[in-house]
Amino acid sequence: MQNSHTLLAVLAWIAAIAGLIWALNIGAIKPIDPAVMLTAGEVCETPGCAQPRDIELPHHFPARHAAGHETRHLRFDLSLPKIPDSLQALYLPSYADEVFVSVNGAQVYGNELTDRQPARMWNIPVLATVPQSLLQPGQNRIEITLYGYPQEGLVLEPFHFGEAQLLTPHYNWRFITSAGMARFNLGFMTIAGIMLGIIWFARRSEPIYALLATSCGFACIICIHFGFDTSAIGYRWWTLIWQVSVSVYVLLIFKFCNHYIGEDLKPLETVSLVFIMAEIVIGALVPAPYLFDTLLLFKLHPAILSFLVLAVLLGNRSKIDKPDLRIFFFFLSMASAMGVYELYITAVVDPGRNQHIFQFMPLAMLCVCLWLVISRFMLSLRSYEELTGTLKQTVAAKTEELRLTYEKLGQAERLKAINNERQRIMLDLHDGIGGQLVNTLAYMQNNEKGDAVIKTALEDALRDLSLMLDSLETDASISTLLGMLRTRLETLLAEHALEFDWRIDDEPELPHPGPSQNLNLLRIVQESITNIIKHAEASIITIASDRNSISISDNGKGFDPRPDGRRHHGHGLAGMRRRAESIGADFDLSSDPGGTTIRLVWR
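Taking the numbering used here, the leading residue of the sequence shown gets 1, the next gets one more, and so forth.
Please keep in mind that the hints were generated in silico from the structure rather than gathered at the bench. There may be inaccurate statements among the hints.
As the list claims (entries may be wrong) - Calculated lysine to any residue pairs in the SDA-like style (CA-CA distance at most 20 Å, straight line):
1. Lys299 to Val286
2. Lys322 to Ile261
3. Lys322 to Ala364
Being a predicted model, the structure only gives us computed values, none of them experimental.
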């Protein structure tokens, strides 16, 4: 049901376009002021007959089922008050098939009529100049001989006599829109066919280009029929060739649409091919007098097939991009409507309708071809740009990833070398100086010999060495390092009856952690504890920390932190300030009789 509705919609659409073309009556012959339009004359079976028959133009001599050629002699009287001052001309917009023109007995257009094949000039207008020497005041006789094939009949439309300069633009426009357009399309369809063939050769996986290239070849045959004299090939064979070309052309467009939208309609394609083969066989065998009428019946086949092309496009519109659908449907509709109109003026004698427009059909198809190539090119360009953008992003990401990996590898190598060197230094210090200090203290204790001052100095040196070794442990947190420091000072604190209050609210983080920063921080804390032991007379040492600060405080007697007070603390405080500056911390000191607090705050 849906397919039948689609087909009916297509038929209505084509009928509307063809009706519009019919209403416009493109190429209708109208008076050209001040030229004379001749519409009344006489016709004779032989030149100079004694009993001519009156006729009115346009006049169609009926087609007859007869072989050979046919000739009609027409004469028209033109009255001139005087001989014109300028060059005159006769302008014949439409006739069939070949024409010979003479004025007052002198031939002005066409060669001498002989027993030969009529030239197929039916779509080429005539502009025959008439010298003033051939004209005379009063009556002038214009004789026109029509020469053609009885199977199609002879035709003469109204024609004009006037100044050549006036009639030339009208002749040029008629030529451009008839034979000129056919020749123009022939050139472009040849170029388009070659280009599409080259594209197909490069992209053989896409048969649509081969179909379009082949259709351009058959369109060229159609253009030759509407633009040139084809009498050299012979009436029978050329008539068969060009009409079969129309059928093959439409079939190729049908196959193109099926491939483009991915529709499998091979049964219809097969039926169409059978019709074409029958057209060829029957056209080759039918007697010549019946050839034209027989092939006229077969013209219904490409007309019906063109409707199916549009129905397939419309029925599968969801598979086609909207711009492509609009372009294809519009131009193929125009081509189909032109074909229907051409079939009408060929099969029906309609006086006054003499302009063939089927030569415009290849131009519509050319637009489809160009749009297809352009749209595919734009699609490929967009895909290329998207792929290029993706590749650029991928390359940039991989480059950054490689850079980071390289940096990490380099950093890992450097850290490995640093750790190895650190471990070597720690081992050397521990087994070298550290071992010697421990052995010396053990010797003094076991032999109860030695100076107490030296013993204290050795113990301080051993603690300082331990502090240095602890600071080299880069994996240890600040709270862990402080805990290690507390453990190493436990004996000293116990000797001076000091309690240790540990208040770690959050893990401290140095701005730039490292062994040097760790050592400077531990020395500040150690120096603070040493000063408390030596000078504060305190009972409790409190170490508190959060994420951005560490404070060391006591409950001792305090001191005067001013520069001029208790000068014996000056060098130690100055050293602590320098160390605080090196680790990016502010050094804050406050003291009163209730105790002293040193606070380090990271900047």
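Hint-by-hint comparison with the structure:
1. Lys299 to Val286: holds, 16 Å
2. Lys322 to Ile261: Holds, at about 13 Å.
3. Lys322 to Ala364: holds, 18 Å
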